[in-house]
Each structure stands twice: as structure tokens, then as C-alpha cells.
Amino acid sequence: MSTTSTPDIETVETLLRKARRHGARGPELAQHLPALIDLLVPPNGTSPKERAAHAEQIIRKAIDTALDDPAKSAMRVLFGLAAGTRRSSVDFRRERAAAYMGITPGAFRRPRQEGVMILNIAFEIAATA
Numbered sequence: 011m012s013t014t015s016t017p018d019i020e021t022v023e024t025l026l027r028k029a030r031r032h033g034a035r036g037p038e039l040a041q042h043l044p045a046l047i048d049l050l051v052p053p054n055g056t057s058p059k060e061r062a063a064h065a066e067q068i069i070r071k072a073i074d075t076a077l078d079d080p081a082k083s084a085m086r087v088l089f090g091l092a093a094g095t096r097r098s099s100v101d102f103r104r105e106r107a108a109a110y111m112g113i114t115p116g117a118f119r120r121p122r123q124e125g126v127m128i129l130n131i132a133f134e135i136a137a138t139a
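Take the working numbering: the last position of the sequence shown gets the number 139, and nothing is skipped along the way.
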């Protein structure tokens with residue numbers, strides 16, 4: 011990331027929670043979460059679309075670094091970053107993510123599962139800022 015200050019973990023976590031609804035691919039971030047793009051890749055003269063693509067890469071890297079499988083695969087699915095998950099509903103993605111973890115979608119959605127994984131990703135993003 012190209013910022014001199016560390017992003018606020020709570021803000022990153024909140025915006026990641028919002029990102030799971032539409033997904034964390036660049037086009038979805040650009041359309042639905044410009045605030046997350048601005049936080050991860052502050053305006054610097056680069057086009058908004060390029061910044062959205064960079065924000066997607068930051069999220070992908072944080073997932074890969076912060077989590078081990080099967081959580082890593084589950085989060086890629088939940089955020090629409092895995093093959094076959096783009097533009098699918100959050101419920102569909104949550105079902106597939108839960109299957110990676112070997113639990114029900116309801117159990118996956120609980121704070122100690124999905125919530126902890128999102129928090130770990132937020133910490134990783136803040137730590138690498």
C-alpha cells in the first residue's frame with residue numbers, strides 16, 4: 011500500500027464486512043466500496059479503476075498471508091475471488107465457503123468463524139500498510 015499511516019483496523023474490518031456482500035474483485039469494489047479503495051490505495055493520480063485492481067490484490071495477498079487452508083480457500087470464496095464465485099449471491103458464496111470448512115452456512119456465519127477470519131485479514135492489511 012502506498013500510504014504513510016496505518017489504516018484503522020476497525021475501519022478496515024467494517025469495510026471488509028461490507029465487501030463480502032458484493033465481492034472484493036476490482037469492479038465490485040469500484041462500484042460498491044470506493045471507501046475501501048481509498049483506504050487501501052489512497053488517491054495518487056492513478057485512475058480509480060487501477061486503484062480498484064490494486065485494492066483487490068491487497069485483499070488477495072492479505073487472505074493468503076493471514077490464513078491457512080481451509081480458511082484461506084473459504085475466504086477467497088466468500089469474497090468472490092475464487093473461480094466460479096464472481097457475481098454470485100453472498101448466500102451462495104457463504105454455502106460454498108462453509109463447505110470448505112466442513113460446517114453449515116449458519117455456523118460459518120458466526121463471529122467465531124467468519125468474523126474471526128475477516129478480523130485476521132483486517133489485521134494483516136493494517137500490518138502491511
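Hints in this document: simulated from the structure, not taken from any laboratory. Careful, some of the hints might be misleading.
As the list claims (entries may be wrong) - Straight line, CA to CA, 25 Å or less: simulated DSS-like cross-link-like pairs of lysine-lysine:
#, residue 1, residue 2
1, 28, 71
2, 59, 28
3, 71, 82
4, 59, 71
5, 82, 28
Against the structure, the hints come out as follows:
no., hint, result
1, 28 / 71, "holds (19 Å)"
2, 59 / 28, "holds (19 Å)"
3, 71 / 82, "holds (10 Å)"
4, 59 / 71, "holds (19 Å)"
5, 82 / 28, "holds (19 Å)"
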